[in-house]
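Put the two chains together into one complex; each comes in its own frame, and the hints tell you how they fit.
Residue numbers (my numbering), protein chains in the order written: chain A, 26 to 545; chain B, 347 to 804.
Take these hints with a grain of salt, some might be off.
Said to hold, decoys possible - These stretches of chain B come out as covered by chain A in the derived footprint (C-beta under 8 Å, 3 or more residues):
id: 1; segment: 395 to 407
id: 2; segment: 416 to 424
id: 3; segment: 464 to 470
id: 4; segment: 570 to 580
id: 5; segment: 683 to 692
Simulated from the structure, these hints should not be mistaken for laboratory data.
Glycine residues also receive a C-beta, built at the ideal position from the N, C-alpha and C atoms.
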Amino acid sequence: MSLPIAPKPTLRRFHEARWDEPIIFELDTPGERGVLPSRPEPDLGTGAEALPDELRRTTSPALPEIGQMRVLKHFLRLSQETLGADLNVDVGQGTCTMKYSPKVNDALIRTGRLTDLHPLQDEASVQGILEIIWRTERMLAEIAGMERVSLQTSGGSAAIWTNISMIRAYHEAAGEGDRRDEVITTIFSHPSNAATAKAAGYRVITLYPDADGYPDIEAFKKALSPRTAALMITNPEDTGICNRRIAEFVDLAHSVGALAAYDQANANGILGITRAKDAGFDACHFNLHKTFSTPHGGGGPGSGANGVSEKLAPFLPGPVVERDGDRFYLDGERPLSIGKVAPFYGVVPNIVRAYAWMRSLGAEGLREAAELAVLNNNYLMKRILEIPGASAPYATGRRRIEQVRYSWRALYEETGITSEEIGVRAGDFGVHYWTSHHPFVVPQPFTLEPTESYSKAELDEYADVMAHVAAEARETPDVVRTAPHNQTIHHIHHDDLDDPERWAPSWRAYRRKYFADGDG
Amino acid sequence: MAEPFVHPYLPNSAPAVKAAMLAATGAGTVDDFYVDVPDDLRVDGLLDLPAALPIEQDLVAHVTGILERNRPVATGRSFLGAGTYRHFVPAVVDEVIGRSEFLTAYAGEPYEDHGRFQALFEYQSLMAELLNMDVVNVPTYDGYQAAATALSMAGRMTGRRRIVIASDVFPDKISRVRDFVEPALELVFVPTVNGTADLAAVIEQLDDDTAALWIETPGFTGTLETSLPGLAEAAHRSGAILVAGTDPIALGAITPPADQGADIVHGDIQSLGLHQWFGGAHGGFIAVHDDPRFVMELPSRLFGLASTDVDGEYGFGDVAYERTSFAVREEGKEWVGTAAALWGVAAAVYLALMGPRGMAEIGETILARTDYAMRALTSIDGIDVTDTAPHFREFAIDLERTGPTAAQVIESLRAEGIEPGVEIGTHRLLVCVTELNTRSDIDFFVTRLAALGEGVGS
Ligand SMILES: Cc1ncc(COP(=O)(O)O)c(C=O)c1O
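Isolated chain B, as found in the complex (with noise of 0.2 Å):
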């Protein structure tokens, strides 16, 4: 006889104790279990899959040997971003991430979770302040699940059909947005001048079937938009909403949208607290004004204060949970599931950290060493910035009159040991610059991608 089958994983397979369950259940064997599954139904014999590795260390062996195969880059000689940044990760915030409860935590109630309520608690407040804005949701899946339920929350409040877009938006997001909103929205696109918004054009776009105007500040191109009040004030005059993404690490140092007119600002977590994870750990916020019309439009839970029995006890609870599909299925505001409450509490830990000098100097910091390497890119000649906006972490840069194409200065550069950015045209290429990129490595990757030029005679 086949020795019985017992894995660490699985407690009660245990010989012994399997029969005693069994004998307890008044089951012959396991399969009395499955009489409703009809017999065509059944798998016949093992599914098709690779031998096991019960051995933890021959699993360990044999995952880590396929990582093995992943290289990435240097500190400092990447300069991708365009959805996923390079930032740095305090270790308390791993530290924090990594605890048993809080990762294997889930749906506990406000009493046994008190400590993931109030994390999450903070995480909203924390934001609201970086967006001087009162409410933030518990983060949805991603910047740009954040994105397209802004946009939907305004076409419900408004009643209204079209999405005007000022801004340069990343293309995937787009393409998220649009599998999201149509056919119930239709997107209205209005080209930039200068890599932000066309006052004027967008003026003429503004109609009273206007739900949104949707303005990306950093857009696509790291433009940061410098006519957001004249924009909001137009968009208000024609009843529609001011929808604003950012990315909260600017912050610090850049004026918040909210101040200057936006409704609804949204965007991703990842750039606090979060590593790459080759774009694998996003999360997304939702901001509005302490205004029920605007709460009442948020799909996501939303965790509150609530007093208790005793004097000087926080509680929490959801506010406002019957407008979730939780409590009312499909007539709540689009849907709430799992999405990304852990990198919310990273996220809350970042900022608990930075503080608002730390924000402040972050935000400052990028700003000056983005603008450095523009300055010093652009020195080398036949380069060019796309625009003359103000940035925040990234641009575009145009290498039609150095001669060889972005794919073959990706090519080359890359068998130096530097990533320079990501190919957004045949000649153009969108360069990241975070605080992992010092002087030296920017000064490093000039220095390259000039010898390039004179490589190949310009």
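Extracted from the complex, chain A is given alone in its bound form (with noise of 0.2 Å):
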């Protein structure tokens, strides 16, 4: 064979990296030192006399022993099998706007004057964090036409902690902190609505869709009373369908004397659309690490924003960023505030990525970015419904905002092949797939989020692998129930992790209940 290559068929031939690489402790060889820490100066003792002999640890820990380069090497071929949004097409993992995070912004944070600032330092000596922060909440507070924002959250469910947090302590400080105790929520808003409130110590109410999808506003209306404390409603939904009615819910709520808060952790499709303010919200929350571009850093940190109209605002958690002429300072002193949400200021590397990302863009860009995503959103499901089998249920016809929440059904009914097997499969191809919140309202679903980020040519290709992987439910049925073929491992047998007896959330664990010396 020579010169011409042949075209690349139509889908990638990928194979994700397999270095078949040991448990860290198998690893251990022992003598060899990975790095040596700063030792006391000869005339200062140990340190350990300093200590009574109870204290004194007697069995070093089981850690392994390993040379530095071969830490390195494990940890950076445990880095190659995983698929980063980076370098997948990363569409699969609807609500959770897995957007490009921006190099140059990774990169204005690495510096000593960010990493090596301590908290309580010289309030004089760290004016360009204080400044940075306190823009950042300016921005994010004319995004949602909120009074005040605080960024002191590392997540969004600890943001919409926050939100249920201080809106229990303005019932109480309105005396009505004990009849208040029910929040209604929604099926499709995000699990940690209901889940958070519960922690706080409300009854969940839950409303389900109506036959379009929209959350049921008479559903609504009959679970309102004098005993509820708030509204806890994403828009648009998981569906990604927007809920024309959403300023009436909130007029409703406050009709008993009720809150608002609005999940925006994924506000993607409707910056500078539409703001949180304008539908009357109390409270808002967005996720920085969806909608503002941090990266998700597998699973954190995040971070969250709150935003919260004059009523809200005293019940911030502090301190406060203030401003007092180019001088910027902490504000603790703030008798009604809940007080203390996480250490200190917030998740500072994400502040900075976010606001230089938001700095970027400008307000036209920032609409821009959430036009395309609808944009995109749509392209993609036009592509995905012509797939035999798939289905966007719920307010057909119409368009959806930035996601989708879709449906295999009939490809299941035809097929017997599942949401999650197609997933795995997918992930063949070099794409992630997830198929969804739980409860599986709608039945074998999918919720696909292209964002901004993605070209056209990427999203054909995501809507290829749907199309191939459909075809091969019907055809090779196999093939997809074997799954998976080119990832890093082979089909995983889940018996064990829900067994008491047997499962095993530490290598020590599996040593004690698996092997007679039961050490590694």
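So this is what it looks like as structure tokens:
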């Protein structure tokens, strides 16, 4: 064979790295060292003699001993066995906004002027970071239309908690804390709305969709009462359907004295289009690790931004950053504040990244990003709905905002192949795919959210993978059922994970349960 | 006509592509997609935001310009702690957590994200050895949340309402815990004696409505709890759970709380390979024994080993997923969400590099330098450490007899490039000594502080 080279096939001939790497404990080589820590100066003693005997550790921890390069190699290999958003067309994790996290922002934060700052050092020496926090809060306040923003939490669910905690404090301050013991949410709002409300002591009422996929407003009216503390709702919901009557929901909540909190973790389709305040919300939150581009870190750290109306501003967690002319300072003297929701002032690396992202785009760019996220979504929806066996339940024929909850119900009924199996097989082509939040109200669900980051060609690639796997489900179902074929490992057996006698949540538990020696 | 808006982060802002995609969807303009947003809720025109900086060079200049106003304290000249700690971060740690794959991954399946699952399983396993407990969660947000959850777990397990607090706890942590556990649980504070638990007074407080006895070792002022075995025994006698907070960086040298009867151990992992980040890089751990009564109360994810179709191949999955809010919404334990996984990977790399000897050595170095700093500072006439308990990394000094207030001392020493500690009372300073403070750094601090005393004349 000689030049020219034949064109590439439509689908990528992907194979993920397969290093077959041992567990780190198996790399133990007694005597090797990975790094040497600073030692006490000769006349200082060893330190241990400052301790009473019973506080001196006598058996050293059974950590492995490994030379530095081997440790590095181990973790680099594990990184290669991980499919980050930088490498795949990451539109399959709907609701999570897996957009591009610009590299310049990573470069900007890699400075001792951030990494080496202590949160309690002289305020005069941290003016730069205080200014960025202040500016970021103000920009987010403008985007939400809210009075104030706090950046203290390190995740979206923590921000939802903070909203319910402020609402709880608000009702308590009004003397209604005991009476208002119910929170209303919807099944297509993120599970953390229900879960945080429950953790805060509320009884949770969950609304289901009406025939068109909107939260059932009649059921909502029936659920409202003087006991209602809050409505906690996402819009657009996980279905990507925009609730046209959202302001009416908020008004109804207010009519019984309840507050309304807007889960805007994913506001990606509506930046510069519509704002929490305009619909009357008292509180909202953004996830900087979704809408505002900061990387997801394999599950955090994220960063939450709580936006509040004037009514709730006194309850914000503290301290807050204030400005006095050119000087920025921290104000912790706020008597109604709910107090601390996290150490210090928030996930600094992500706050700076989000600031840089917003600054790069500006007002026009943010709206363009939102519009393109929506265009991409409707384009991908068209491609997906052309695949036999796929559907988008509810609101048939209507446009969606930034994501769609689809269903493989027809394909499943025809072939017996589940959404989960389709996802595992899709990974063989180098793309991630997720089913959906539980419970599966939509049968055999999957949720795609293309964001603004992926090109048309990449969206086409993703749709081609879906079409191909759906065709395999009909023609060669065993190929789908026995997947993965081209990923790091093979089919996993899950049975041991739910049995306390057999589960192995650490290497030492595994050694104890399955090997007589009980240690590595 | 204005030039079309094309931005490097927005591939489909290319006019021809955008037009083709619109045509494919049958939409005339993007506004067609927003028909369900009522007109009166639409933003009129553009948001009021500062001008865009789409040229990367301009963005870098702008952000770097602001950050220039940050001035880190020279290594060794800072004695600040109180929740965020200065420790050396080996280069390999930053290399690994800076990898695109780990940094930009999220919720991949145990197949395509095998490496992420393995790294976090290894984090759990390495921490488990350090703590001498079998089960450690995938990190939660921070040590404050870990404390709040550990106490809530005890409340759920016992069905009791009281939390007896026997140690001095960092006030911000108390604030967080209060926000989280009230009104379900009541916090009962037992004043410490000499910086550690007052065993007799604690025993008096333990009753049949006590869910947990909460100990912090090291406590707020760095004191190590010396009567943990007695406290644990008393707690267990009354049917309460012993919840202990600690810092894992101490545990290569110091007896892990589990060995002295702690049932739930929690804390922050920032010390293990994370920079200070102005207090913005924390992760929380919660450790329990391999007992389903405890494990089933953990809200966080927990990764476990699983077999695959191929011999000798490790697979991973979620242990007891049905306890989580991902599985059952409000019926789950608290909630689970994006928390601090990347910091868990950092801690795993840190522990793998340090090994058993490194962890023993770092603990000893900190003990030795802390001890030296206490001796050197109290050699200054009029300065006392506020207690005689053993200390790890932090201690409080009382300056009252020297004259100036803590705030005055801080201000004066800042002028010399030293951050002497955190003010925790008019005349009290919380001083933190880590492996980054060498003997000569400590000597410099002591000399300057002594000179200050001479200056004001005591
Ligand atoms: C709508 C919505 N709300 C809340 C969350 C929770 O955010 P986090 O994962 O940061 O806790 C998510 C993330 O999946 C979300 O999509």
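Provide an ascending list of the numbers of those earlier hints which the structure does not satisfy. none
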